[in-house]
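Please build the complete structure, drawing on both the sequences and the hints.
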Amino acid sequence: MDPVKITIDGKEVVTTKGKTVIQAADEIGVSIPRYCYHPKLSIAGNCRMCMVEIEKMPKLQIACNTQVAEGMSVLTQSPKVLAVRKAVLEFLLINHPVDCPICDQAGECFLQDYYMQHDRQASRFDVGKVHDRKKTIFGPNVVFDGERCIKCTRCVRFCQEITKTDELTVINRGDHSTIALFDDAVLDNPLSANVVDICPVGALTDRDFRFKVRVWYLQKTPSICPGCSTGCNISAETYQNRIARFKPRINEAVNSHWLCDEGRYCFHDLAGGERLTTPMIRQEGGLVPTTWEKALRAVYSGLKSAQPVAGILSGRNTNEEAFLFAKLVKKLAADYALEVFYQERELTQVQKILMSPDRSPNFRGARAMGVSTNGGFDALMQKLIAGSFSSAYVVGEDLVASAAEPDQARTALQKLPFLVVQDTRVTETVKLAHVVLPATHFGEKDGTYTNRQGRLQKLNAALIPPEGALQDSEILMRLLDLAGEKNGSATTAEIFAALSREVSAYANIDYDSIGDQGIELEAAVAENHDR
Amino acid sequence: METILLRNVGVADSHMLATYAGRGGYRSWQKVVESMKPAELIDEVKASGLRGRGGAGFPTGMKWSFVPKDNPKPKYLVCNADESEPGTFKDRLLIEQDPHAVIEGTLISAYAIQSHTAFIYIRGEMVYGATRLERAVEEAYRAGFIGKNIFGSGYDLDLIVHRGAGAYICGEETALLSSLEGSRGWPKLKPPFPATHGLFGCPTVVNNVETLAALPWIIERGAPAYAAIGTEKSKGTKLFSVSGHIAKPGVYELEMGYPFKKFLEEDCGGVPGGKKLKGVIPGGGSMPVMLPDEIDKVNLDYESVQAAGSLLGSGGVIVMDESTCMVRAALNLSRFFAHESCGQCSPCREGCHWMEKILHRIEYGQGEQGDLDLILNIAGNIAGNTICPFGDAAAWPPGAFIRKFRGEFEAHVAEKRCTVG
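These protein sequences, in sequence, are chains A and B. Every letter in the first sequence is one number past the one before it in this note's numbering, and letter 411, counting from 1, is 411. Every letter in the second sequence is one number past the one before it in this note's numbering, and letter 274, counting from 1, is 274.
In case anyone wonders, no lab produced these hints; they're calculated from the structure. Any given hint could be a false lead.
Said to hold, decoys possible - Counterexamples of contact, computed for chain B against chain A with all Cβ distances above 12 angstroms:
(1) Arg23
(2) Phe58
(3) Tyr155
(4) Lys188
(5) Thr196
(6) Phe200
(7) Cys202
(8) Ala223
(9) Leu311
(10) Lys357
(11) Leu374
(12) Thr386
(13) Ala411
(14) Val413
What the hints assert, rightly or not - Here are the simulated DSS-like cross-link-like pairs (lysine-lysine), alpha carbons at most 27 angstroms apart as the crow flies:
(15) A:Lys40 - B:Lys190
(16) A:Lys352 - A:Lys294
(17) B:Lys37 - B:Lys148
(18) B:Lys190 - A:Lys19
(19) A:Lys304 - A:Lys431
(20) B:Lys190 - A:Lys164
(21) A:Lys56 - B:Lys190
(22) B:Lys276 - B:Lys233
(23) B:Lys261 - B:Lys276
(24) B:Lys248 - A:Lys59
(25) A:Lys17 - B:Lys69
Where a beta carbon is used, it is the ideal one built from N, C-alpha and C, also for glycine.
The structure is reproduced here in structure tokens:
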């Protein structure tokens, strides 16, 4: 890594050999406008937006493909540079429909932003725009508008270089150039919607998100994808207390710039549907609403008197919840078993780029908190089916629907003398419960997940839970209160502090220091909890 | 003057190996393989002063010398036979009439960079030429000039004729390489340059047909003989394709530095029908047009034409007499470039069509005040701002036409009709 000294707009910068001018500028926060350049894709150099003036070079150079050299002097704001930016923007806009009022990209569009920063002139083009295909379906998640496309080829390169699935290409020439699917191809690879994220304009939009909400109304909460144990960093973007979309958040240690389609849209399943908002208790003829007070007392006495207890926690529960859950079950029952829900499936090569075989984002963390006793979830389910338990406390998972043989699971749960189900929606498992506790999902809670690499990452509440439901941690603390362990109403940070004192892998970590990029737990500890 | 490039053109069966070999063909190739080291060959061609005839005029020997010798990857030599520049048809003549000279030059060039696989990338429309080349390559293989262990030297070389699919841009060397690789014919970013990262990412040299066809003569007669012809910086002879309003159109071989005016008036018989010369494009459609008085003192060599504000380019001389509507001529060229823009870089992709559309409305009586300055401004915004020189090539003609015939363009706008003739 040889150091190279250059100046950018008169400012001295020490960077390293092999870097390009645009990278060196990015490092010091000088933003050179760009369309085709993307740090994770090959250099295309075609948009010509990043041209800069370099001393001793007769022509302007593209910053994305010019390597730094000792003593190089770069100007990013010279009259020549500003003139060419304006010219390039004009070229990009002459055949653009300028349909911002009906375009989903409006508000996060590089054409809009750069036009305001660098162009700001009335159109000089009055000779008839080129027309192209509108609302062309590229795949299940992506739709293309050819007229808005600036042919930067980021999408084409993504499919060539990241997924290596090669669905897209450029066809035709000149101003009739356009992006198209290869014959018989469908843009349906497991990462397909990333092309929407990297499209700098409104050419590729998200079929799920489009027309739902203007992006400037979105509230953006940094969080973690609950789809699997990869723990991709996301921005959970909400509107009127609903999740409108997930966007990937850059984290080079985890997901780089990407997010898989399964994760991106998993909030529909996990946060959608009719919510449970009243605790219920089984009486003659079925489940009837009750108060929290009565429901929790019933749980407390029910579990205490129906041992052995099987405690099954969702892999989407946080470390803090897992810590309280393990503590509670151990406190209530001398005879118990604890496991985190875990199921694996086969993944294709492309899926493996990001996805983990499980769907339990905090599987490793929950086990570290003690939600693990007898050799795994499958073994515990076998025992449950064999009738070895007198009661079960199931949090956040529909054991019936997820079972390989649902009828078998249903019969086993039905036979249990006492079943508590804590969930957000009415599921097949909820219908069998003796006590139902309405709780919260990943989008409504603060806390931490530990991903498959042993990286501790922060979940932030993006939504307000519905009236009547309680946070899982609140429920668990109230039950612990009944069991004689006074927690008061501890905050997430306080619960984390408690678990940090008790669980060695998490020792000496301050909740507030975890940050938006997470922190890596000691590698050895992470390995211990790997299946 | 002794002809170098056209020495076999016009001879009966000039395309056959027997004819070519009977006239001394492939002796240079034998000499190179049997007695010259690649470095000697490169020095010889450097000393001859031969410059690339594709349009840019880059010294050929120097181009070869950029190929790294210690690179373990295969090296490729590509003969650029994608002649597509408007008004240029010299390579076609050589390919059709003297294919073995093109092949021999290709082999010599391949040897200079120690390539074992060479390609001739021929323009898709040149079906006849491709057929001739393929037959000639077959003949040369059978005669042992191409293939394994050439002349018992242990040197192996294969030669593949590859037909393009009909795109002007594939004459640009990096677009040609993209096309040859089986990709879309898009120019590549430089750096890296083809000499180190060319075909399939391997060291590659691309030489024009005419450049290569001069090599057998240079080897046969020696560099000093070639360097004795022409001017101080433009050595040897060059082919000129003459078309348009001229009495004797065709392909001419001239010593570099030949007076332009004398050439048009004496060798080519001048403008026919007693009409006056109005303008002439000296180096193919992409080069700036020149006025009659501008060519008076110009000689046909790289430096002289450049000093007069245009470029020698491919040597495609397009002659226009006084009956020519310069708006229509500019529109014609502009339409060509708009159609051929590959679409990769924003300025060229969008700007070429924009200029064409404005020129179109001027020509058809709907021009507006300010259109001319707008075209000049657009042309200025394209030139120099693209990956490959196509942007310049597309921007220069309308710019030059408007600057040099501004009155005529203004009259079109003002009177809303053509005012010529």
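Cross-check of the supplied hints:
1. Arg23: Answer for Arg23 of chain B: holds, closest chain A Cβ roughly 43 angstroms.
2. Phe58: holds, 17 angstroms
3. Tyr155: Label holds. Min Cβ-Cβ 36 angstroms, cutoff 12 angstroms.
4. Lys188: Given that some Cβ of chain A is not farther than 12 angstroms from that of Lys188 of chain B, nearest at about 9 angstroms, it is violated.
5. Thr196: holds, 14 angstroms
6. Phe200: holds, 16 angstroms
7. Cys202: holds, 18 angstroms
8. Ala223: Its Cβ never comes within 12 angstroms of chain A, the nearest being 32 angstroms, so this holds.
9. Leu311: holds, 16 angstroms
10. Lys357: violated, 4 angstroms
11. Leu374: violated, 6 angstroms
12. Thr386: Thr386 of chain B is in fact no farther than 12 angstroms from some Cβ atom of chain A, at 7 angstroms.
13. Ala411: holds, 21 angstroms
14. Val413: Holds: least Cβ distance 14 angstroms, greater than 12 angstroms.
15. A:Lys40 - B:Lys190: holds, 20 angstroms
16. A:Lys352 - A:Lys294: violated, 47 angstroms
17. B:Lys37 - B:Lys148: Answer holds: Lys37 of chain B to Lys148 of chain B is near 18 angstroms, not above 27 angstroms.
18. B:Lys190 - A:Lys19: Since the Cα atoms of Lys190 of chain B and Lys19 of chain A sit roughly 16 angstroms apart, the hinted pair holds (cutoff 27 angstroms).
19. A:Lys304 - A:Lys431: At roughly 22 angstroms apart (the allowed maximum being 27 angstroms), Lys431 of chain A and Lys304 of chain A satisfy the hint.
20. B:Lys190 - A:Lys164: holds, 25 angstroms
21. A:Lys56 - B:Lys190: holds, 18 angstroms
22. B:Lys276 - B:Lys233: The given pair, whose Cα atoms are some 33 angstroms apart, is violated under the 27 angstroms limit.
23. B:Lys261 - B:Lys276: holds, 13 angstroms
24. B:Lys248 - A:Lys59: Roughly 41 angstroms between the alpha carbons, so the hint for Lys248 of chain B and Lys59 of chain A is violated.
25. A:Lys17 - B:Lys69: Holds: Lys17 of chain A and Lys69 of chain B sit about 25 angstroms apart, inside 27 angstroms.
This entry does not satisfy hints 4, 10, 11, 12, 16, 22 and 24, going by the numbered hints stated previously.
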